[in-house]
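Protein chains in written order, with the working numbering: chain R, 1 to 180; chain P, 181 to 313.
The set of hints was computed from the structure by calculation and includes no laboratory data. It should be emphasised that the depicted structure is a prediction, and the values quoted were computed from it without experimental measurement. Be a bit skeptical, because a hint or two may be false.
[Said to hold, decoys possible] Here are the in silico distance ranges between beta carbons for each label pair:
| # | chain 1 | residue 1 | chain 2 | residue 2 | range |
| --- | --- | --- | --- | --- | --- |
| 1 | R | His132 | P | Gly251 | 30 to 36 Å |
| 2 | P | Phe248 | R | Leu83 | 45 to 51 Å |
| 3 | R | Asp127 | P | Ser304 | 28 to 34 Å |
| 4 | R | Ser128 | P | Gly250 | 22 to 28 Å |
| 5 | P | Ala295 | R | Pro110 | 46 to 52 Å |
| 6 | R | Arg160 | P | Glu211 | 28 to 34 Å |
| 7 | R | Glu138 | P | Gly297 | 25 to 31 Å |
Just so it is clear, CB atoms sit at the ideal spot from N, CA and C, and this is done for glycine as well.
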Amino acid sequence: VSQAQQRTPGKGSVLRLVLAIALPCVVVGTAFGYWAGHVPAARRSPPPGESASEPAGEPRNVVVVGPSTARLADEDRSAMRALVREELAAAKPRADAPRADRDPTSAEPPLTDAQLQAFDRARATVDSGIAHGTWTSENRAQLRMTMAQLPVERTLEIVRPLVIAVNEGKVHWEGHGPPL
Amino acid sequence: MHPITRLSCIGLAAAACVATSLATAGQSDLEGVQIYKSASYNYIEGAMAGARFSRDTSQNIGCSTQAFQGGGQLAECYATDANGVQAWCVTTDPSLVAVAGRVTSTSVIIAQWYATGANCEFISVDANSKDTL
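Next up, chain R with everything else stripped away, as it sits in the complex (with noise of 0.2 Å):
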C-alpha cells in the first residue's frame, strides 16, 4: 500500500500545477483584453499596403485594395510582347505599298503660299491651253516659270491633264522640241 500512495501523486500536487498553468493565462488574457479595449485601431498593426498615419477618430474612405499583382511568366510575356509588335507592325502604312493604296500629297510637305500662288497659274496655263485645242512655245515660256516653284511630283500632277489631251489628239503642240 505504501509504495501505491508514492506513485500516484496527491490531490495537492495536482491542484498546484492547475494554478501554476491558469495564473498566468488569467493574466496575460487580462492585459490582452486591456490593450485591444483601449488603443486605437488605427495604432495597431496596419493591414499591409495602407499607411497607418490617418488621424485617428476620423471618418475614413473605405478602400478596397486589390489582389496583388498578376505575374506573368516569362513565355507569356514574350509572347505579349510578339503580340504587340504584330499589331504595331499591321498599323503602321508599309514603305511598299502600292502607289495608289497611299495618298500621294499627304507625304509632302504643305505648299507655300508662293508656291500655292504658282501652282494656280501653272494650272491656269495649262487649262488655257487645253481650252484652245494648241499648246505654244509661249505657254511652255510660263510653265516653266512657274515650274521651278514647285515639287516636281505637282508639276506633273498639273501637266498630265495636257498629256493626256496631246496623246487623244484634242491638243496640238505647236512648238518645236519638248512641249515642257
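Dock chain P against the given chain R, drawing on the hints supplied.
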C-alpha cells in the same frame, strides 16, 4: 574605136561600178517615226537621224530631261510622225530620267505608256549602225 580609147571606156565603167558598190555597202536604212496608239497603251519609236533627214517636215522624236532647283528631275519623250500625229509622255522616275538623258543624235528612241495616263512606263535609248548615218 582606137584601142586606147576602148580601154579607157572600160576602165571608167569599172571605176563607176566600184564606186557605186562602195557607196551602197554602208548605206543606212533609216526608219521614220512610228506612233502606235491603242485603247490600252501608246508607243513611239524612231531614230533621231531618221526623223532629222526625213523628206517631210513634220517628223520628229526626242527625249528631254529637266532639273529643278528644288532637286526634282523630270523627263519627257515626244514624237510626231509623218502624218502630224503627236504622242508624248512624262516621268519623274529616276531610272527612266537617267535613260532619257542618254539620248544622242544617233539614238533610236522607244517609249511606251498607258493610254489613260501620262507617265512613261518604259523608255529605251539605243544606237546601232543600221539606224545612224
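How the hints compare with the structure:
Between His132(R) and Gly251(P), the C-beta spacing of about 33 Å keeps the proposed range 30 to 36 Å intact. Here the CB-CB span from Phe248(P) to Leu83(R) is close to 47 Å, well matched to the stated 45 to 51 Å. Checking the proposed 28 to 34 Å range against Asp127(R) and Ser304(P) shows it holds: the Cβ atoms sit about 33 Å from each other. The supplied range of 22 to 28 Å is met by Ser128(R) and Gly250(P), whose beta-carbon atoms lie about 25 Å from each other.
For the hinted restraint 46 to 52 Å between Ala295(P) and Pro110(R), the CB-CB distance of approximately 33 Å leaves it violated. Checked against the hint of 28 to 34 Å, the C-beta distance between Arg160(R) and Glu211(P) comes to roughly 30 Å, which is consistent with it. Roughly 27 Å separates the CB atoms of Glu138(R) and Gly297(P), a value that falls within the hinted 25 to 31 Å.
Hint 5 from the list above is the single one not met by this structure.
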